[in-house]
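**Student:** Chains as they are written, first to last, in the numbering used here: chain A, 1 to 300; chain B, 1001 to 1508.
If you're looking for bench data, these hints aren't it; they were derived computationally from the structure. Cβ atoms here follow ideal geometry from the backbone N, Cα and C, with glycine treated the same way. Some clues are possibly wrong.
As the list claims (entries may be wrong) - Away from chain A, derived, C-beta distances all over 10 angstroms, residues of chain B: (1) 1107; (2) 1178; (3) 1216; (4) 1308; (5) 1477; (6) 1478; (7) 1480.
Stated by the list, open to error - In the PhoX-like style, the derived pairs of lysine-lysine whose C-alpha atoms are separated by at most 20 angstroms in a straight line are: (8) B:1280 with B:1301; (9) B:1075 with B:1085; (10) B:1281 with B:1490; (11) B:1280 with B:1501; (12) B:1501 with A:67; (13) A:45 with B:1130.
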Amino acid sequence: MTASEVQKKDRLNWLTSEHPLPWLLPASALMIVFGVYPLIAAVLKTLYRKNAATRREIFDPLYNWTKIFEDPRMWDALWHTLAYTLIALTFQLVLGMLIALLLDSDRKGYGILRAMMTLPLVIPPAVTGMMFLLMLNGSFGVIARLIIATGLLPVGYSILGNSATALPGVMLAEIWQWTPFMVLIMLAGLRALPKEPFEAAAIDGATPVQAFFKLTLPMMSKVIAIAVLIRGVDLLRAFDYIKVMTDSGPGTATETLTSYAGRIYFGNSDYPLASSVAILTLVLVILTSTIFMRIFKVKL
Amino acid sequence: MSFREYDKKTFLIDAANDFTARRISKRSFLKKTAMAGVGFSAFNLGLLGNMRKDRSSLFGSPAWAEEMGDPAVNKWLKDVGSKFKGTKIRYTSEATPPTVVLDKLKGEFTALTGIEVEIEIVPLEQVLAKATQDVQGQLGSYDLYYLDQSWVATFAQDTFDPIALYKDKADLAMPGMDWEDFSKPLVEGLAVYDGHWVGIPFDIPIMTTMWRQDIFDKHKLTPPNTTDEFMAAAKTIYEAEKGNGMFGTGLQAKSGHYSLECDWTQVVWNHGGSIFTKDKKFSGNDEAGIKGLQYYQELLKISPPESTNSTWDGQWQMGASGQIALVNSWDEFFPGWDAADSKVKGLWQAKRPVRGTVPYRAVADAGFGEIPNAAHQGGSILALSKYSKNADAAWIFMQWACSKDIMTRCTLGGGFAPMRLSSFSDPRVKAKEVVGPGTTRHLPVVKEIIDNDMASEPDMPLWAGFSNNEIPVNLGKLLTGQDFGGDAKKCMDAIATQVNKAVADAGL
């Protein structure tokens, strides 16, 4: 091999998987500009105290953190965030599994049904929020009228305008849109299960319910764990439906950590305080997902 | 079954399988699943575009748009404005009638000057957020700011005084601007802070008492003059018409929204109270303030339940759909109710707003320039940003947008109250004082209200925050039963604690 050929080969080596740096650079640059830099900027922002009248920001590292931990509204928001996540996730998981079991068939027409499950997923969440805002309107909303007709709620009752029912109302939109996501993941898991254990169980006289609890669920545990992790992280950051449907109200009945941060940011223009709440949300997401992965031995 | 056949039959399952096995990312998974529903998605995006209320149907004849402006102003635009040909100016605004009409008229300005104008129309809270970010970073992303009256003090340091600018930049001064033509109460209530103009008055929705004549005739009622008469009439209508789905009145009581704060302010003023005292303490929790709030709680009982989830848009809908026959709210509702396709066309009437039965608190006893009175104004101004990179071009546009001809034509197009005295008396505006789209038949009453009853919220830098967060959020907690056990005093005390602390922290 001549010297020039060696040189050329060395140059080309940079284009192989042994030298990933050039290939990683564009993605890394984007990550730094749109991910790392804003995060560092937000953390630094939390160290300042903003004077609302003069707009001056003074270095006072503990001010915002003391303020949010002493703020009952933040604790309410944290509680709403956790309740929203746990309840919506439970519904999505149970409904997702049930629907997946129903759709797990090769019979004619089931393919179309499975395809239709994706439809809610492609609607922008803001549009879903608007749809449910109208459907839950006590005066003319189809869902509200249906519930009122059953006698569960008084005539004209505003589901989203009452603190007792607003959060469930928002969850309805969330559950409707994201249950199909669970269905698709569960279906994938169900279709990948080996047939032999089920055949053996049937020969031994196991009922379908026993087979589900003794075989299906244990074998699906990893799939379920991943699905719960993905949806859980999304739910902890819930914002879209709340913003569109209730704007955190009535009162603070649907205020989550992210919507509280949004209100401080857009309403009071207190960027340092809003950044503190946002960073707190990030910490919550990282902590809960890490604990969850440890417990359920999920590896990413 | 071959892999290809399997793949064809179970494309989605396969994608999900890949995803759970971490062979593809969440993004790729959603992309694949989206392929199946792409048609539906497009359909919904189409719906999204159409969901925005097309206000043009509420407006008058398009004849207003066909006129080509004042010849003297047009010549000035050609001579002076064309020097800035190719410049693009931007501002962001709520979808108020004057902005929507101006958005339609701006082509005339561009045709004469070559200056492009981009108007971003977004919800009110986003207007505030965008303007706030712009001034905080001194970015100059927006050349003009649309400022609600409650934000004027907050942005006072970020805009040019138009009167001073008009004198200082004589070469850019529009002929016939006639500053004296702007209604004095509007200038003082809206545009002036700390002795100088922050911008030019641009829009003036103002509280007006409106009623359905047919319903009042049916029950032999007379339009109310006082808050007590208002309550009595509302209760009569509610008792008589609840079987027909009609309520006593309608409120814009959406928790956490500025609209609720506007309603609350009015009832406090009507009961002899104010938001601040002269020593700059929150006074919504004094005796008058509590009476005002209790009055509002009574009104809520005879209002559509959706009131607690409604802003001014929802309240307007209540009037348009026949749910209410009496309301104390924005005069800007009126033209919409008279629109061509309205079910209540010609039925609504307007009068000066109901007054409290006790004297209004004197301006000298209220704080931060607050003016307690019977008609809460929700006006706005157009202001020129100090950080604009195209300040001269934007200044030319601003003068044109606030000129006599354009303001009058905006009124003709939208039926809303003008800022200029000449517009009120313009023969074209007078000719439209009849029932129909873009009606101006309520404007003589509005002029009377502006001159006699206009009230104003406090002018202070923190007001934008208080009026969008602390006050309406706590009121929402009270009105929807989330907190305070229905006790108005407890709610007001909670607000007082938060507001007084913030005022003290800011060193005001």
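**Student:** Give a verdict on every hint.
**Tutor:** Hints and how they fare:
No Cβ of chain A approaches the Cβ of residue 1107 of chain B within 10 angstroms, the least distance being about 30 angstroms, so the stated non-interface status holds. Look at residue 1178 of chain B: its CB is around 35 angstroms from the nearest CB on chain A, clear of 10 angstroms, so calling it non-interface holds up. Interface exclusion of residue 1216 of chain B from chain A stands, the closest Cβ pair being 23 angstroms apart, more than 10 angstroms. Interface exclusion of residue 1308 of chain B from chain A breaks down, the closest Cβ pair being 4 angstroms apart, not more than 10 angstroms.
Consistency note on residue 1477 of chain B: stated as away from chain A, yet its beta-carbon is not over 10 angstroms from all of that chain's, at 3 angstroms minimum. At roughly 8 angstroms from the closest C-beta of chain A, the C-beta of residue 1478 of chain B falls inside 10 angstroms, breaking its exclusion from the interface. Its beta-carbon lying about 4 angstroms from the closest one in chain A, residue 1480 of chain B breaks the requirement of being farther than 10 angstroms from that chain. Of the supplied pair hints, the one linking residue 1280 of chain B and residue 1301 of chain B is violated, its CA atoms being roughly 33 angstroms apart against a limit of 20 angstroms.
For the proposed pair residue 1075 of chain B and residue 1085 of chain B, the alpha carbon gap of about 15 angstroms is at most 20 angstroms, so the pair holds. This hinted pair checks out: residue 1281 of chain B and residue 1490 of chain B have alpha carbons roughly 17 angstroms apart, not beyond 20 angstroms. Note on residue 1280 of chain B and residue 1501 of chain B: the hinted pairing holds, with a Cα-Cα distance of about 11 angstroms set against a maximum of 20 angstroms. Between the alpha carbons of residue 1501 of chain B and residue 67 of chain A the distance comes to roughly 12 angstroms, so the proposed pair stays at or under 20 angstroms and holds.
Distance restraint check for residue 45 of chain A and residue 1130 of chain B: the Cα-Cα separation of roughly 19 angstroms lies within the 20 angstroms cut-off, and the hinted pair is therefore satisfied.
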